[in-house]
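Novice: Given next are the chains, with one letter for each unit.
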Amino acid sequence: MIKRFFPMSVHLAVTLVWMVVALYLIFLYAPQEMTMGEVQRIFYVHAPSGWTAGTAYFLVFLGSIAYLWKRSPLADDLALASGEVGFVFCSTVLVTGPLWAKPAWGIWWTWDARLTLTFVLWLLFVAYLMLRSFVSNPGRAAVLAAVVGIIGFVDVPIDYMAIRWWRTQHPQPVIAGDAGSGLDPRMFLTFMVSVGALHCLFAYLVRQRMALARSQRELSALRRARALEASEG
Amino acid sequence: MNTYLFLAYTLFWLIFMAYAWNLGRRQARLQKELEELQRQFHQASSGDSPIA
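Protein chains in written order, with my numbering: chain A, 2 to 234; chain B, 242 to 293.
Hints were generated in silico from the structure; no laboratory data involved.
A virtual CB, placed ideally from N, CA and C, is assigned to each residue, including glycine.
Certain hints may be false.
[Stated by the list, open to error] Going by beta-carbon spacing under 8 Å, a handful of chain B positions derived as facing chain A: (1) 245; (2) 248; (3) 249; (4) 253; (5) 257; (6) 258; (7) 262; (8) 264; (9) 271; (10) 275; (11) 278; (12) 279; (13) 282; (14) 284; (15) 285; (16) 287.
[As the list claims (entries may be wrong)] Some chain A residues flagged as far from chain B (calculated, every beta-carbon gap over 10 Å): (17) 29; (18) 35; (19) 101; (20) 104; (21) 131; (22) 133; (23) 155; (24) 161; (25) 185; (26) 202.
[Unchecked claim] Which bits of chain A does chain B cover? Going by a derived footprint, with three or more residues having C-beta under 8 Å, they are: (27) 57 to 68; (28) 216 to 228.
All chains should be built: construct the whole structure from the sequences, respecting the hints.
Specialist: Quick look at the structure:
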């Protein structure tokens with residue numbers, strides 16, 4: 002149904018336009034931060050990627066529950082696609098983070114709560130995808146992956162709250178943080194547009210990946226039918 | 242432009258381009274395989290020569 006009302010080509014066009022608008026705001030509209038200078042603009046791609054990775058794991062969690070409950074292949078496809086695309090977003094968080102940390106803190110990495118939990122999230126994505134590819138029985142792989150998808154979700158809220166609960170090297174939240182935190186309205190607008198653009202990109206890639214999973218299922222069904230026909234013939 | 246800023250945005254886009262390229266390649270390979278199998282299936286069911 003989504004395909005009819007929001008075709009892939011339109012989705013791609015909307016994503017590209019949204020990304021261009023986000024880039025315009027990031028480099029030409031948002032004011033320069035006073036202490037860090039230009040390098041602070043990494044924030045507009047780093048933090049929204051983190052939010053998108055969190056959304057991705059939430060969808061893995063929901064898809065996994067739905068799959069274990071209803072055994073719906075669509076739910077399994079959603080979980081798998083979100084896991085794979087979420088892994089890509091989580092990887093960009095781990096790449097852009099150190100590139101911002103080095104000029105801002107003087108170090109590439111430190112094992113504080115936020116950074117460690119984000120790294121754990123990335124490892125969970127890796128474990129989820131490895132399980133999908135190394136267990137040969139597809140039904141068993143889907144069940145085992147769903148269990149990892151549900152248990153692993155516990156990392157997401159702790160990762161989100163880490164900078165609120167503990168004193169970390171990572172900055173305290175500037176959005177939904179304590180009184181006194183916050184962003185310049187132009188920075189806030191730029192940030193929210195980036196969050197939207199990356200979620201739109203995420204949704205597009207998930208749809209593409211789900212189409213691929215559907216084709217893989219069709220192919221397996223055809224192979225089985227052909228093998229059956231050959232054995233009968 | 243600041244080197245770290247340049248690197249962060251360049252790597253960000255490279256990662257996504259690599260993933261999109263990989264996804265497209267997998268989709269094309271699967272589509273080809275699917276079409277071939279469907280063609281063989283139709284051939285076999287219509288009584289033509291069996292699949293090689």
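Novice: If a hint holds in the structure, say so; if it doesn't, say that too.
Specialist: Status of the hints after comparison with the structure:
1. 245: Hint holds; residue 245 of chain B Cβ to chain A Cβ min 5 Å, cut 8 Å.
2. 248: At about 5 Å, which falls below the 8 Å cut-off, the nearest Cβ of chain A leaves the hint on residue 248 of chain B intact, so it holds.
3. 249: holds (4 Å)
4. 253: holds (5 Å)
5. 257: Check passed: Cβ of residue 257 of chain B comes within 7 Å of chain A, closer than 8 Å.
6. 258: Hint on residue 258 of chain B: violated, closest Cβ of chain A at ~11 Å, above 8 Å.
7. 262: violated (12 Å)
8. 264: It holds, given that the least Cβ distance between residue 264 of chain B and chain A is near 6 Å, below 8 Å.
9. 271: Check passed: Cβ of residue 271 of chain B comes within 5 Å of chain A, closer than 8 Å.
10. 275: Since chain A brings a Cβ to about 5 Å from residue 275 of chain B, closer than 8 Å, the hint holds.
11. 278: holds (5 Å)
12. 279: holds (7 Å)
13. 282: holds (6 Å)
14. 284: Check failed: Cβ of residue 284 of chain B comes no nearer than 11 Å to chain A, outside 8 Å.
15. 285: Constraint on residue 285 of chain B satisfied, holds at 7 Å.
16. 287: violated (13 Å)
17. 29: Holds, since 13 Å exceeds 10 Å.
18. 35: With a cut-off of 10 Å, residue 35 of chain A remains clear of chain B, as the shortest Cβ separation is near 15 Å.
19. 101: violated (7 Å)
20. 104: Contrary to the label, residue 104 of chain A does not stay out of reach of chain B, its closest Cβ about 5 Å off (not over 10 Å).
21. 131: Residue 131 of chain A clear of chain B: closest Cβ-Cβ about 17 Å, beyond 10 Å.
22. 133: Residue 133 of chain A is indeed farther than 10 Å from all Cβ atoms of chain B, at 14 Å.
23. 155: holds (27 Å)
24. 161: The claim holds: residue 161 of chain A sits with its nearest Cβ about 21 Å from chain B, beyond 10 Å.
25. 185: holds (18 Å)
26. 202: Contrary to the label, residue 202 of chain A does not stay out of reach of chain B, its closest Cβ about 7 Å off (not over 10 Å).
27. 57 to 68: violated (count 0)
28. 216 to 228: Since 8 is at least three, the answer is holds.
When held up to the earlier numbered hints, the structure conflicts with 6, 7, 14, 16, 19, 20, 26 and 27 and fits the remainder.
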